Amino acid sequence: MAYLQVENISKSFFGVPVLHGVGFTLERGEILGLIGENGSGKSTSMNILGGVHQPDAGQMTIAGETYAPASSRDALERGISFIHQELNLFPNLSIEENLFIRGFPRPRPWLPVIDRKRIRRRTEQLLDMIELKVPPSTLVSRLSQGERQLVEIAKALSTDAKIIIFDEPTTSLTRREIDRLFNIIARLKAQGIGIIYISHILGDVERLADRVAVLRDGMLIGAGPIGEFSVDRMISMMVGRSISQLFPERSRARTSEVVLEVMGLTQPGMIRDVSFTISRGEVLGLSGLLGAGRSETARIIFGLAPYRSGSVKVLGKPLQANHPRAAMEAGIAFLTEDRRGEGLMMNAPIYDNLALPNLDTHARPQTGWIDRTTLALRAEELSRRVRLNAADIASVLARNLSGGNQQKVVLAKWLMRRPDVFILDEPTRGVDVGAKAEIYKIINTLVEDGCAVLMISSETEELIGMCDRILAMSNGEVRATFEREDFDQERILEAAMQNGRREVA
Amino acid sequence: MPIWVRAEGTKTIAVLFDGLTSEFLVAGMDAMQADLDSRGFKMLQAISNRDDNVQFEQVKSMIANKVDGIVIFHTDSNAVIPAIRAANEANVPMVHFNRPPAESDAYSVAVVADNRGITKTTVQYMVDKARASGRKYKAAILIGDLGDVNAIGRRDGFFDAVDPASDIIEVVARIPTEWNADKAFSGLTNALQANPDIDFLFASSDFMIPLIEQVLTPLDKWHPAGDPKHVMFGSFDGDSGAYAALESKHLDADGVQDLFFEAKASVDLILEMANGEKPAKIFPDPGFAITQDNLMTERDRMWGYSQWKKKNG
Amino acid sequence: MTNLTEKLPSAGAVPSVQRPLWQRLLLSEYLVVLLCIVYFVAMLPIVPQIASLQTFQNILSDMLQLIVVALGQTVILIIAGVDLSMTAIIAMASVVGASVMTGTGGPLVGSPLATPAGILAMLGVGAAIGWFNGLCVARLRMPPFMVTLATTMFFSGVAIWYVTLKSTTTSIANLPRSFVVIGQGKIYGIPHSLWVAIAVGVAIHLILTRTVFGRQLFAIGNNRVTSEVSGVPVARRVHMAFVISGLCAAIGSILYTGRLETGSPIIGANILLDIIGAAVIGGTSLAGGKGKVIWTVMGVLFLVLLDQSLKLMGLTLFMVFAIKGAVILAAAIADAARTRLSGR
Numbered sequence: 001m002a003y004l005q006v007e008n009i010s011k012s013f014f015g016v017p018v019l020h021g022v023g024f025t026l027e028r029g030e031i032l033g034l035i036g037e038n039g040s041g042k043s044t045s046m047n048i049l050g051g052v053h054q055p056d057a058g059q060m061t062i063a064g065e066t067y068a069p070a071s072s073r074d075a076l077e078r079g080i081s082f083i084h085q086e087l088n089l090f091p092n093l094s095i096e097e098n099l100f101i102r103g104f105p106r107p108r109p110w111l112p113v114i115d116r117k118r119i120r121r122r123t124e125q126l127l128d129m130i131e132l133k134v135p136p137s138t139l140v141s142r143l144s145q146g147e148r149q150l151v152e153i154a155k156a157l158s159t160d161a162k163i164i165i166f167d168e169p170t171t172s173l174t175r176r177e178i179d180r181l182f183n184i185i186a187r188l189k190a191q192g193i194g195i196i197y198i199s200h201i202l203g204d205v206e207r208l209a210d211r212v213a214v215l216r217d218g219m220l221i222g223a224g225p226i227g228e229f230s231v232d233r234m235i236s237m238m239v240g241r242s243i244s245q246l247f248p249e250r251s252r253a254r255t256s257e258v259v260l261e262v263m264g265l266t267q268p269g270m271i272r273d274v275s276f277t278i279s280r281g282e283v284l285g286l287s288g289l290l291g292a293g294r295s296e297t298a299r300i301i302f303g304l305a306p307y308r309s310g311s312v313k314v315l316g317k318p319l320q321a322n323h324p325r326a327a328m329e330a331g332i333a334f335l336t337e338d339r340r341g342e343g344l345m346m347n348a349p350i351y352d353n354l355a356l357p358n359l360d361t362h363a364r365p366q367t368g369w370i371d372r373t374t375l376a377l378r379a380e381e382l383s384r385r386v387r388l389n390a391a392d393i394a395s396v397l398a399r400n401l402s403g404g405n406q407q408k409v410v411l412a413k414w415l416m417r418r419p420d421v422f423i424l425d426e427p428t429r430g431v432d433v434g435a436k437a438e439i440y441k442i443i444n445t446l447v448e449d450g451c452a453v454l455m456i457s458s459e460t461e462e463l464i465g466m467c468d469r470i471l472a473m474s475n476g477e478v479r480a481t482f483e484r485e486d487f488d489q490e491r492i493l494e495a496a497m498q499n500g501r502r503e504v505a
Numbered sequence: 001m002p003i004w005v006r007a008e009g010t011k012t013i014a015v016l017f018d019g020l021t022s023e024f025l026v027a028g029m030d031a032m033q034a035d036l037d038s039r040g041f042k043m044l045q046a047i048s049n050r051d052d053n054v055q056f057e058q059v060k061s062m063i064a065n066k067v068d069g070i071v072i073f074h075t076d077s078n079a080v081i082p083a084i085r086a087a088n089e090a091n092v093p094m095v096h097f098n099r100p101p102a103e104s105d106a107y108s109v110a111v112v113a114d115n116r117g118i119t120k121t122t123v124q125y126m127v128d129k130a131r132a133s134g135r136k137y138k139a140a141i142l143i144g145d146l147g148d149v150n151a152i153g154r155r156d157g158f159f160d161a162v163d164p165a166s167d168i169i170e171v172v173a174r175i176p177t178e179w180n181a182d183k184a185f186s187g188l189t190n191a192l193q194a195n196p197d198i199d200f201l202f203a204s205s206d207f208m209i210p211l212i213e214q215v216l217t218p219l220d221k222w223h224p225a226g227d228p229k230h231v232m233f234g235s236f237d238g239d240s241g242a243y244a245a246l247e248s249k250h251l252d253a254d255g256v257q258d259l260f261f262e263a264k265a266s267v268d269l270i271l272e273m274a275n276g277e278k279p280a281k282i283f284p285d286p287g288f289a290i291t292q293d294n295l296m297t298e299r300d301r302m303w304g305y306s307q308w309k310k311k312n313g
Numbered sequence: 001m002t003n004l005t006e007k008l009p010s011a012g013a014v015p016s017v018q019r020p021l022w023q024r025l026l027l028s029e030y031l032v033v034l035l036c037i038v039y040f041v042a043m044l045p046i047v048p049q050i051a052s053l054q055t056f057q058n059i060l061s062d063m064l065q066l067i068v069v070a071l072g073q074t075v076i077l078i079i080a081g082v083d084l085s086m087t088a089i090i091a092m093a094s095v096v097g098a099s100v101m102t103g104t105g106g107p108l109v110g111s112p113l114a115t116p117a118g119i120l121a122m123l124g125v126g127a128a129i130g131w132f133n134g135l136c137v138a139r140l141r142m143p144p145f146m147v148t149l150a151t152t153m154f155f156s157g158v159a160i161w162y163v164t165l166k167s168t169t170t171s172i173a174n175l176p177r178s179f180v181v182i183g184q185g186k187i188y189g190i191p192h193s194l195w196v197a198i199a200v201g202v203a204i205h206l207i208l209t210r211t212v213f214g215r216q217l218f219a220i221g222n223n224r225v226t227s228e229v230s231g232v233p234v235a236r237r238v239h240m241a242f243v244i245s246g247l248c249a250a251i252g253s254i255l256y257t258g259r260l261e262t263g264s265p266i267i268g269a270n271i272l273l274d275i276i277g278a279a280v281i282g283g284t285s286l287a288g289g290k291g292k293v294i295w296t297v298m299g300v301l302f303l304v305l306l307d308q309s310l311k312l313m314g315l316t317l318f319m320v321f322a323i324k325g326a327v328i329l330a331a332a333i334a335d336a337a338r339t340r341l342s343g344r
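Residue numbers (the working numbering), protein chains in the order written: chain F, 1 to 505; chain V, 1 to 313; chain U, 1 to 344.
No lab work stands behind these hints: they were computed from the structure. Any given hint could be a false lead.
In the DSSO-like style, the derived pairs of lysine-lysine whose C-alpha atoms are separated by at most 30 Å in a straight line are [to be verified]:
| id | chain 1 | residue 1 | chain 2 | residue 2 |
| --- | --- | --- | --- | --- |
| 1 | U | K166 | V | K183 |
| 2 | V | K281 | U | K166 |
| 3 | U | K186 | V | K281 |
| 4 | V | K42 | U | K324 |
This structure is a prediction, so every number in the text was calculated from the model and none was measured.
Given only the sequences and the hints, what does the whole structure look like? Please build it.
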């Protein structure tokens with residue numbers, strides 16, 4: 001019998017079946033990669049494992065004993081620890097306070113005082129285990145994403161976890177942090193801790209996992225040792241057909257008409273002397289590590305951040321003001337990195353989201369009286385164009401959509417403006433394989449229709465697959481330019497890791 | 001008393017005060033309750049917490065409750081006029097308790113204490129006692145806010161009694177207080193510095209009694225009647241502090257607004273108005289002077305005594 | 001449709017047909033109307049005069065002025081703010097307007113211009129204080145709670161002081177008949193204030209649902225940053241919203257002052273709870289991004305109905321406050337529950 005045995009789990013929500021007879025096993029010291037598209041049932045399975053939901057049918061055992069948690073506290077007590085994509089830390093508290101937030105030890109049980117010394121010692125021990133060399137009293141707000149994640153791992157270890165579940169751990173990490181994470185995972189494995197690793201980055205799964213389980217449509221499609229699964233096979237099992245090519249074909253439609261011209265853009269502390277042009281029908285990629293200044297460049301162009309010197313011109317005309325409205329009027333659209341916080345109104349229906357940047361173009365100029373019919377028609381049209389399969393865009397709220405559909409809504413709302421320049425910052429982050437391909441198709445059509453696209457991405461393969469040219473940035477400066485013929489993943493990464501000057505301006 | 005207690009056939013009177021925050025108002029409400037109980041009438045009470053708008057709505061509610069009359073103590077004499085109009089329109093008699101409304105074409109009756117007359121009687125008692133003592137007096141009067149018609153009345157009443165006795169009583173200080181305790185305190189202190197032998201004092205309201213004690217005590221002038229250093233002292237209102245001062249003989253006479261009379265008169269007027277009569281808009285409460293001579297016999301008529309009894313068991 | 005496309009809604013969002021009855025009721029737009037009817041029927045045996053014409057008229061006239069003011073508050077709630085200064089604006093407008101219309105020795109007494117001048121003065125006061133609130137909130141980025149709290153304390157005091165300048169008593173009376181009739185007058189039993197309330201209601205409804213300005217207000221309440229990124233001039237819109245709120249308070253003041261025939265600095269001192277409570281009971285969320293004119297009207301109806309029934313029962317003012325407070329608290333809890341349920 002395996003250490004963790006999950007058998008025949010089924011679950012429905014309000015009569016809608018979500019899991020059908022899902023099962024898998026996990027041994028101590030084994031890494032199981034769990035993959036599947038959004039909506040495949042991954043989160044629900046893990047929630048059941050973690051005690052958040054109770055299954056309608058099926059059973060689970062740990063070390064041979066029945067495991068039926070009624071709450072996440074039960075799961076913790078049986079040694080199951082869940083590290084979510086959105087970390088559950090309190091940024092305003094210190095590391096040690098976060099670690100012991102569930103229950104502060106006291107010098108004597110009846111004393112209402114916290115045993116600070118004990119906490120300090122234990123935290124130092126744990127931080128040592130995960131090789132995080134910062135003082136335990138450091139505020140979490142001062143840690144990078146990667147370091148915060150390590151703190152979460154420490155938290156899991158502090159509860160004496162036997163099984164740790166990682167959900168999309170690498171999305172906000174730098175390369176170095178990812179390597180460090182994998183090292184830690186290897187050590188956890190050596191200590192005998194079972195690990196369930198959920199990720200969309202199949203290359204990572206291939207690298208880490210001992211075994212793989214693939215879910216689709218709430219069912220277990222296949223499982224087995226990693227050796228039997230190539231990335232291609234994993235993808236085809238996830239989506240149910242084989243994708244020979246992830247990146248769709250595109251006619252290289254680059255013209256010579258320069259649409260966006262950025263000259264010498266400088267903002268002390270952020271970027272220095274950034275210049276480039278993008279022509280009609282061209283996709284320019286910006287690659288670089290976290291903190292290289294790519295998003296900062298995009299935000300400056302769009303008027304969300306100030307700049308000291310330099311210029312931005314669209315179709316030869318300089319921008320009127322350093323404000324999103326000026327950029328929008330010039331024909332620029334911007335899909336931001338943080339769709340939940342900056343791209344969408346999560347509690348509003350899809351329709352309201354689509355309408356938001358398009359209100360004034362569909363209204364009488366003097367009174368602001370909206371032409372509702374035209375606006376509604378356009379919204380429907382764009383929903384269809386991005387293949388948003390919503391039953392009723394006027395009532396479904398943005399927060400009930402999957403990541404891929406949310407991204408499509410953001411795309412659609414900008415597409416309605418028929419922009420000349422479209423800046424995309426991490427357009428497929430947190431989006432599953434199926435929706436990714438659709439987004440690439442949309443981008444291609446956009447470009448073929450004459451848009452100039454600036455694409456920022458941390459996935460070099462994505463840039464190579466989509467762009468005509470790639471700029472590598474690091475430390476706020478452009479280091480190198482690569483033409484299509486010269487695309488080489490290693491060289492691009494190298495250029496992005498160049499350090500050049502220590503300080504920027 | 002909530003609505004469900006109402007029985008058939010008895011009259012129901014709504015008593016709408018703007019607060020129960022002062023002894024005076026509490027005594028007023030008690031007086032109303034006692035009077036209505038004695039007639040076997042039911043009372044519906046509502047307090048507006050000094051909000052004219054709320055009181056207006058309360059009036060309309062009482063009209064909808066089909067009460068037989070409304071006794072009202074309002075906050076703003078102008079803002080109560082629409083309420084009077086509403087009562088007029090619904091033919092519900094309205095009587096103002098102790099405080100008259102501003103002039104208007106709306107009809108209601110106000111039971112108002114005759115400040116001038118009561119004060120005259122009160123001070124007359126002191127004058128008579130002064131004459132009996134055979135010596136001359138130096139007098140001071142603490143006047144209320146000159147914007148308040150009651151204060152003017154009391155001042156006039158004081159002089160009505162004191163002027164004819166100018167042979168034995170010389171008024172050396174008229175102290176304006178604007179109904180403010182601090183002003184009264186400093187005004188009286190200054191007057192006593194200028195005229196240390198003031199020995200005849202009238203305060204326009206009982207709330208000043210404690211501060212007067214504070215001023216007079218260090219000057220060795222706070223002594224009960226019978227003591228050669230006693231300062232002849234009169235005041236106005238009829239509250240529990242005045243009763244205590246009368247009992248201890250520091251206060252010689254107090255002009256009392258006869259709240260029991262006012263309560264009975266209010267209800268009588270309502271009954272008259274219900275009969276179709278139209279009494280005059282102001283109905284005076286002659287009040288009375290309570291003095292050391294009639295203290296025992298008259299104290300039950302003094303509203304402050306009933307409150308004093310409550311406090312001191 | 002290929003297997004690549006996502007199916008919507010994702011597992012977890014629920015088709016409404018399958019929810020239990022109590023959830024459907026809670027989420028329904030008509031919850032408040034239902035509550036009104038249920039409450040009315042429940043009160044009939046206890047206070048039968050609640051069903052009299054007099055009571056209906058009382059309810060109507062009490063509702064209308066509250067609606068005007070509550071609609072202004074609704075606009076501010078939509079942008080996830082709050083306007084605590086409405087009562088002070090009502091007071092300030094009341095005394096300023098009254099003094100303009102009755103200035104003894106001034107040019108306007110008895111003149112036909114008195115009433116229009118007074119009204120303009122009142123609207124001016126509302127717009128000015130609203131403009132000041134907006135300045136602090138939108139441009140200086142101060143929290144609306146603090147700003148409007150400070151404004152209300154300041155202008156409540158100024159109103160009282162202003163009256164001492166203009167009158168020997170604590171209020172200003174002798175307002176022109178033509179002004180008073182707006183708040184008080186009726187034709188065939190229909191009060192004039194009804195038309196005012198309808199005009200304000202229609203205007204705000206159209207602004208909120210049919211103009212760019214209105215839709216942008218909802219967006220700002222939903223997510224200020226997203227609005228900014230989508231090109232909304234957030235500061236300008238927020239500023240304007242406070243001006244609208246101030247104007248609504250001023251229009252309400254015209255009705256309140258007219259009804260009491262008096263310019264008083266303590267007019268409306270106690271209605272702040274009613275204003276915000278009515279909006280929340282009606283369904284406007286304190287968290288912003290949601291709100292409708294008809295909801296607020298229904299909220300006012302329920303609150304006034306409740307208030308009337310309590311007055312008819314002869315309960316003391318403090319009991320009335322306690323019960324109303326409990327009801328508004330329950331409404332706020334229901335608001336939070338609805339947000340959670342509809343999202344899942």
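Provide an ascending list of the numbers of those earlier hints which the structure does not satisfy.
none
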